[in-house]
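A.B. asks: Using the sequences and the hints, build the whole thing.
Those sequence lines, one after another, are chains A, B and C. Residue 258, in our numbering, is where the first sequence stops; the numbers in between run on with no holes. Residue 225, in our numbering, is where the second sequence stops; the numbers in between run on with no holes. Residue 979, in our numbering, is where the third sequence stops; the numbers in between run on with no holes.
Hints were generated in silico from the structure; no laboratory data involved. The model shown is predicted, which means the values in this text are computed figures rather than measured ones. Be aware that one or more of the hints could be misleading.
Claimed, not checked - Stretch-level coverage of chain A by chain C, calculated; a stretch enters the list once three of its residues show a Cβ under 8 Å from a Cβ in chain C:
| id | segment |
| --- | --- |
| 1 | 23 to 29 |
| 2 | 43 to 57 |
Claimed, not checked - Here are the simulated DSS-like cross-link-like pairs (lysine-lysine), alpha carbons at most 27 Å apart as the crow flies:
| id | chain 1 | residue 1 | chain 2 | residue 2 |
| --- | --- | --- | --- | --- |
| 3 | B | Lys216 | C | Lys742 |
| 4 | A | Lys241 | C | Lys953 |
| 5 | C | Lys592 | C | Lys742 |
| 6 | C | Lys941 | C | Lys974 |
| 7 | A | Lys196 | C | Lys860 |
Just so it is clear, CB atoms sit at the ideal spot from N, CA and C, and this is done for glycine as well.
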Amino acid sequence: MPGRVSIFVTCIVDQVFPRVGLAMAEVLERIGYTIDFREQQTCCGQPAFNSGYRAEAAQVAEHFIRTFRDADFVVVPSGSCASMIGHHYFDVFPPESAMHEEAQYLGPRVWELSRFLTEVAKVEDVGAKFEQTVTYHDSCHALRELHIKEAPRRLLRKVRGLTLKEMSVAEECCGFGGTFSIKFPEVSGGMARTKIDSIHGTGASTVVSIDSSCLMQLQGALSRAGSKVRTMHLAEVLASREPQS
Amino acid sequence: MAEAEGGEVTAREEILGRVRAALGRNPGQPVKPPAAPRLRIPEIPADERFGLFQTRLEALGGKVYRAPALADAGRLVTQIRPPGPAVASNAPILREAGITSLPDILTGLTEESRLRDVCASAACGITGADYGMAQTGSLVTIAANESRLVSLLPPVHIALLRLSRLLTGLDEFYTLVPKPAGGACSTVFITGPSRSADIEMILVRGVHGPKAIHVIVVEE
Amino acid sequence: MMMTRERLVQIQNAVADTKLQNAVYSATARLKEKRQEVVEELPEYQELRTHAAALKKHALENLDHYLEQFEANVIAHGGKVVWARDGDEAAGFILDIARQRGVKMVVKSKSMVTEEIHLNQRLEEHGIEAVETDLGEYIQQLAKEPPFHIIAPACHKTRQDIAEIFRKGLNTECGDEPEQQAGLARRVLREKFLEAGIGISGANFLVADSGALLIVENEGNARLCTTAPKIHIAVTGIEKIIPRAQDLAVFLKLLARSATGQLLTVYTSLLGGPRRPGDVDGPEEFYVVLMDNGRSRLLADKEKRESLNCIRCGACLNACPVYRKIGGHNYPWTYSGPIGAIITPQYKGVLQDPWLPFASSLCGACAEVCPVKIDIPKILLDLRRDVVAERTQASSNRLEKWAFQGYSWLMRHPRLYALAGRLGAIGAKLPFATRIGPAAKWGQVREVPMPASESFRAQWRKRKAAK
Numbered sequence: 014m015p016g017r018v019s020i021f022v023t024c025i026v027d028q029v030f031p032r033v034g035l036a037m038a039e040v041l042e043r044i045g046y047t048i049d050f051r052e053q054q055t056c057c058g059q060p061a062f063n064s065g066y067r068a069e070a071a072q073v074a075e076h077f078i079r080t081f082r083d084a085d086f087v088v089v090p091s092g093s094c095a096s097m098i099g100h101h102y103f104d105v106f107p108p109e110s111a112m113h114e115e116a117q118y119l120g121p122r123v124w125e126l127s128r129f130l131t132e133v134a135k136v137e138d139v140g141a142k143f144e145q146t147v148t149y150h151d152s153c154h155a156l157r158e159l160h161i162k163e164a165p166r167r168l169l170r171k172v173r174g175l176t177l178k179e180m181s182v183a184e185e186c187c188g189f190g191g192t193f194s195i196k197f198p199e200v201s202g203g204m205a206r207t208k209i210d211s212i213h214g215t216g217a218s219t220v221v222s223i224d225s226s227c228l229m230q231l232q233g234a235l236s237r238a239g240s241k242v243r244t245m246h247l248a249e250v251l252a253s254r255e256p257q258s
Numbered sequence: 006m007a008e009a010e011g012g013e014v015t016a017r018e019e020i021l022g023r024v025r026a027a028l029g030r031n032p033g034q035p036v037k038p039p040a041a042p043r044l045r046i047p048e049i050p051a052d053e054r055f056g057l058f059q060t061r062l063e064a065l066g067g068k069v070y071r072a073p074a075l076a077d078a079g080r081l082v083t084q085i086r087p088p089g090p091a092v093a094s095n096a097p098i099l100r101e102a103g104i105t106s107l108p109d110i111l112t113g114l115t116e117e118s119r120l121r122d123v124c125a126s127a128a129c130g131i132t133g134a135d136y137g138m139a140q141t142g143s144l145v146t147i148a149a150n151e152s153r154l155v156s157l158l159p160p161v162h163i164a165l166l167r168l169s170r171l172l173t174g175l176d177e178f179y180t181l182v183p184k185p186a187g188g189a190c191s192t193v194f195i196t197g198p199s200r201s202a203d204i205e206m207i208l209v210r211g212v213h214g215p216k217a218i219h220v221i222v223v224e225e
Numbered sequence: 513m514m515m516t517r518e519r520l521v522q523i524q525n526a527v528a529d530t531k532l533q534n535a536v537y538s539a540t541a542r543l544k545e546k547r548q549e550v551v552e553e554l555p556e557y558q559e560l561r562t563h564a565a566a567l568k569k570h571a572l573e574n575l576d577h578y579l580e581q582f583e584a585n586v587i588a589h590g591g592k593v594v595w596a597r598d599g600d601e602a603a604g605f606i607l608d609i610a611r612q613r614g615v616k617m618v619v620k621s622k623s624m625v626t627e628e629i630h631l632n633q634r635l636e637e638h639g640i641e642a643v644e645t646d647l648g649e650y651i652q653q654l655a656k657e658p659p660f661h662i663i664a665p666a667c668h669k670t671r672q673d674i675a676e677i678f679r680k681g682l683n684t685e686c687g688d689e690p691e692q693q694a695g696l697a698r699r700v701l702r703e704k705f706l707e708a709g710i711g712i713s714g715a716n717f718l719v720a721d722s723g724a725l726l727i728v729e730n731e732g733n734a735r736l737c738t739t740a741p742k743i744h745i746a747v748t749g750i751e752k753i754i755p756r757a758q759d760l761a762v763f764l765k766l767l768a769r770s771a772t773g774q775l776l777t778v779y780t781s782l783l784g785g786p787r788r789p790g791d792v793d794g795p796e797e798f799y800v801v802l803m804d805n806g807r808s809r810l811l812a813d814k815e816k817r818e819s820l821n822c823i824r825c826g827a828c829l830n831a832c833p834v835y836r837k838i839g840g841h842n843y844p845w846t847y848s849g850p851i852g853a854i855i856t857p858q859y860k861g862v863l864q865d866p867w868l869p870f871a872s873s874l875c876g877a878c879a880e881v882c883p884v885k886i887d888i889p890k891i892l893l894d895l896r897r898d899v900v901a902e903r904t905q906a907s908s909n910r911l912e913k914w915a916f917q918g919y920s921w922l923m924r925h926p927r928l929y930a931l932a933g934r935l936g937a938i939g940a941k942l943p944f945a946t947r948i949g950p951a952a953k954w955g956q957v958r959e960v961p962m963p964a965s966e967s968f969r970a971q972w973r974k975r976k977a978a979k
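C.D. replies: Next comes the structure, spelled out in structure tokens:
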């Protein structure tokens, strides 16, 4: 039975890709859920954690936990943030501390969107229509830390008019990696170019992922390369109903 | 250096001391034994082993033959061997198969410098094999029974293996021979001809060891 | 950046070098595919990994016991164990033996440990010629370069490069065909094997219950190095210990598969001492140099101890998108790729090359293929924490520290965070905005994304009000 779900839109969606958050809300509402958006929410703390600032990450993580501690379901349009909360919060709080225990309680209640749809809501067809050839980019944290491989593909296959074409290196990193993309722009950009070659090889018009950060990297590199391929978050594809021009 | 000099702490004592300090262990502290070795011998019927061995080794560029009797093995060697002198190890099976008395075969060498010279110039080295492993297409040669150089220096290696010694694979070998080094200073698994892909990942055979390997499996 | 200018330029050059990129990408792609194929055909693969990791953990947790057991068994077989605190002691021992026996030339089979201590250079300084005999290592030695890859030392070179290296290094004609080139190396090195007074090898495993070392290889050069000369000296790190020969049934199924996609390498040699009475060949003297060189320090760090599990298969290099871009020569120490990125800071201290643990997108492809389950991304994150802690203590990163303190504060004050977002969106529209700070770095290779003019929370509030 659908009920109430909290959404955590992540800082990057909030500030840069609000349309992804709106699309996620629309899809969840379409299948019968009521959305709870808590305005206290900000960031999961990953930027500090990945940069080696554990104390700062712990403070932000604690804020996240306080914001969502009584939620039954927190749905996130990101594998990376979901994995930070579900896996790495254990590394930021000392074992047996109160926050560590809270993280253990909250972790399993935090769901990446595609997983929530297929495993909790148990739907694959959300009534979307998107008449394009798309290719799917496996974001690393979703794939390797949350083992999300099939859920987004199952959802995409049920989208009317959509053709899914796999790229040869779907599982290879796009090169984003948070501050890595700024600290090592040449390497990060080189990784994106490898990925783009593979995307172009599919002939797809659109590359889809469940992480906005990867898509920001890929869109930036695609635009720089003068490519017509565009990036879309899975939520945006699932929210689409009208034929795309 | 290992030797103590004057009253200095030896490297041995110091390294072991550091290791123990790192682990919080005391000298001679007993060790809780690890889990039992993981040895799972697969069920491969005896009559399928030969085929599997052949498939595996030939996929690597080796050649496998079947000889009903030892005498057949001798005849096969004559057919397979490249022209020129060959060197045969002192494995009894080679004598029994009549290989050591074939023309232009040097054998019975017990002096190392002579063995080296002969191996370095021979067109072919002939040895026995203590075991075979079907799953990987490997031969096992144990130094107590076999020369190490005969299977290594000449450009072609011919080996005789008894069918009864063809095992399934690694697990069966280590079950039968739990401590190979107890009985010999060298136990070598040979899996195909010498190869390298160090240049552009292109396969080249016979880099330092033999370019070709022929295994005659003797049923007798 | 915490990286030297020189290193940065080298990395930029490597990324821009199409020929290098093609060579490295195709070599690593091939190794990756082959590994994938054979691993998929092995139903018990995951179980073997778990088993191997547990065995390594056990061996490391009881390392002193197994080292002593190993030593006793080597001695029982007529060999000798030499303990070396560092490279000086390891090289010193080899030099002493060479002097005592009047040896002027040694042959070597591939060994990362001897690379780690620059053994060749040390020997040559004392007038002893050291000849690498693995084809790839030999090419690298002639080119006067360290290995580029743990298992494919010359994978960055084309056959034309190699022809040139042989022509120059050997002063002889050499064509472009790998077959010819390998044949040339075979002829030259064959003489060396038969002449050398000492053969030096590494070891893939030290088997405690057998007092034996295990060496895997494909060419036969390691067999020759350990058979033809009268003296065999193996130089290894103390962490290579495994408890029992029977455990090789686990490790051997993983090693060749992970490294080259083979079921077993062509030659897998278990060597337990000098030749025995009745043997016709094999070395007369057998030494194992057990070297610490910082390993006991790594062992003391329980959190990262599993770094010592490594069996040097190189699978993490092939899987790593960063290694594949920057190549094996842009890591500060002998060990490259993800494994190098986690062990180098532990051996050398995290402040030596503080950028190294940060040179990763944390994609996790390395951990996925590691046959002994080293959690490389987790260790990279722990090292980042250590770098920050040490740099904070040294007050060398005040700005960054303040930035993250500011971030943390802002993220705990949602209203100010929202306000900052609004200001940011306005600021981003300023003409110079994309030319400064992180945006400029981003913009070097990608178009800079613009913050939305209205954040999600602002739009959500409107949406709710409208309903």
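A.B. asks: Next step is simple, just say for each hint if it's right about the structure.
C.D. replies: Comparing the hints with the structure gives:
no., hint, verdict
1, 23 to 29, "holds (count 5)"
2, 43 to 57, "holds (count 6)"
3, Lys216/B x Lys742/C, "25 Å, holds"
4, Lys241/A x Lys953/C, "24 Å, holds"
5, Lys592/C x Lys742/C, "15 Å, holds"
6, Lys941/C x Lys974/C, "23 Å, holds"
7, Lys196/A x Lys860/C, "22 Å, holds"
Comparing the model with each earlier hint shows no violations; every hint is respected.
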